[in-house]
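Visitor: Take a look at the letters that make up each chain.
2 protein chains.
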Amino acid sequence: MDQRGDQSIEKTVKSEMIYEGRILNLRVETVELPNQKYSKREIVDHSKAVALVVLDKEEIFLVRQYRKAIDDFILEIPAGLVESNEQPRETALREMQEEIGYGSNHLEYLFDAYSSPGFTNEKTSFFFTNDIYEGKKEGDDDEFLEIVKMPFERVIEMIDTGEITDSKTIMGVLYVKKMMDNGQI
Amino acid sequence: MDQRGDQSIEKTVKSEMIYEGRILNLRVETVELPNQKYSKREIVDHSKAVALVVLDKEEIFLVRQYRKAIDDFILEIPAGLVESNEQPRETALREMQEEIGYGSNHLEYLFDAYSSPGFTNEKTSFFFTNDIYEGKKEGDDDEFLEIVKMPFERVIEMIDTGEITDSKTIMGVLYVKKMMDNGQI
Numbered sequence: 084m085d086q087r088g089d090q091s092i093e094k095t096v097k098s099e100m101i102y103e104g105r106i107l108n109l110r111v112e113t114v115e116l117p118n119q120k121y122s123k124r125e126i127v128d129h130s131k132a133v134a135l136v137v138l139d140k141e142e143i144f145l146v147r148q149y150r151k152a153i154d155d156f157i158l159e160i161p162a163g164l165v166e167s168n169e170q171p172r173e174t175a176l177r178e179m180q181e182e183i184g185y186g187s188n189h190l191e192y193l194f195d196a197y198s199s200p201g202f203t204n205e206k207t208s209f210f211f212t213n214d215i216y217e218g219k220k221e222g223d224d225d226e227f228l229e230i231v232k233m234p235f236e237r238v239i240e241m242i243d244t245g246e247i248t249d250s251k252t253i254m255g256v257l258y259v260k261k262m263m264d265n266g267q268i
Numbered sequence: 084m085d086q087r088g089d090q091s092i093e094k095t096v097k098s099e100m101i102y103e104g105r106i107l108n109l110r111v112e113t114v115e116l117p118n119q120k121y122s123k124r125e126i127v128d129h130s131k132a133v134a135l136v137v138l139d140k141e142e143i144f145l146v147r148q149y150r151k152a153i154d155d156f157i158l159e160i161p162a163g164l165v166e167s168n169e170q171p172r173e174t175a176l177r178e179m180q181e182e183i184g185y186g187s188n189h190l191e192y193l194f195d196a197y198s199s200p201g202f203t204n205e206k207t208s209f210f211f212t213n214d215i216y217e218g219k220k221e222g223d224d225d226e227f228l229e230i231v232k233m234p235f236e237r238v239i240e241m242i243d244t245g246e247i248t249d250s251k252t253i254m255g256v257l258y259v260k261k262m263m264d265n266g267q268i
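The listed protein sequences correspond, in order, to chains A and B.
Residue 268, in our numbering, is where the first sequence stops; the numbers in between run on with no holes.
Residue 268, in our numbering, is where the second sequence stops; the numbers in between run on with no holes.
Be careful, since some hints might not be right.
Because identical chains share one entry, a pair is satisfied inside a single copy or across any pair of copies.
With a straight-line cut-off of 27 Å between C-alpha atoms, the simulated DSS-like cross-links for lysine-lysine are [said to hold, decoys possible]:
1. Lys94 / Lys123
2. Lys261 / Lys232
3. Lys261 / Lys140
4. Lys123 / Lys206
5. Lys261 / Lys206
6. Lys94 / Lys140
The set of hints was computed from the structure by calculation and includes no laboratory data.
Construct all of the structure, not just a fragment, from the sequences and the given hints.
Guide: If you want it as structure tokens, here you go:
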């Protein structure tokens, strides 16, 4: 909690759990605003997540899959939800193996980001690796995805053209581009 | 819809509306997977949003506010939800006025991004402006935020240090940095 004091905090006066599910819960909180008025906050409690920028020399690994929430196929960097018994780094290594069939000798932590703090606490930890080795691909039974490997510079262009529309992919790719431009990779 | 054909699409066999709210709805869909097994998808239908990178010479405008979903204060670029009668560009201009008290003579559209397509269709349209004029600040009654103006280069550092953790802020700022590096600004 921030040290700025209580004056701008929204105090919860009532909390109603609407739904408890597999990857998320929904609750509606009645809060008291700093002006003593009341408002409702619709909040999605979501599992923590990881996302990975994986480079093989000049190429990046993406996965293309159908996402029911947007009723369309979308290109994303490898990602997944942190299981209850895992640390984010373990999740990252597991998802690399499951989604693209590679292991990493050195996985660099980049940063954490809240997906959309106006309504959800979903937080994604970002990792980077360009030190990889081929393993055996053992996908999750319920995941149907296509691995797409392409030049890193092409993905940057695809943000400009609107072909890449996934936030974690845009963040991960632009951050790694910054590292490259700074000579950190 | 993508042209790749039906073979990887998840067909909805049952859809249950759990909650219909102010900024979001929650529905749970039972889907048939490509392997003929069934699974549940927890889906948050969310209002469209906008986010803006607003520069005043070398400085960027951020807003600092309490977000109930993460129970903390967070620094963000100006943003807001698209009302039913609005185009994203109108929302962007309205939010600029409401949140930081500025108008813009030229607002450049950057890109659209899905916040977290694994569970929500929330999509944010990003805009940029460095052509601004001071207006009268007329904030939303229910918003309590502090305007924070700081050197653009400082925000980049704050992504590295973990002081900036909001996805739309990271995306907007890194994208505009790329434009600067390419001489587009």
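Visitor: Look at each hint and say if it fits the structure.
Guide: Hint check:
1. Lys94 / Lys123: Result: close within a single copy only, 11 Å intra versus 34 Å inter.
2. Lys261 / Lys232: For Lys261 and Lys232, the Cα distance is within 27 Å both inside one copy (20 Å) and across copies (23 Å).
3. Lys261 / Lys140: Close inside one copy (17 Å) and across copies (22 Å); limit 27 Å.
4. Lys123 / Lys206: both (22 Å within a copy, 22 Å between copies)
5. Lys261 / Lys206: Result: close both inside a copy and across copies, 22 Å intra and 24 Å inter.
6. Lys94 / Lys140: Neither, since 51 Å and 38 Å both go past 27 Å.
Checked against the numbered hints given earlier, the structure breaks only hint 6 and satisfies all the rest.
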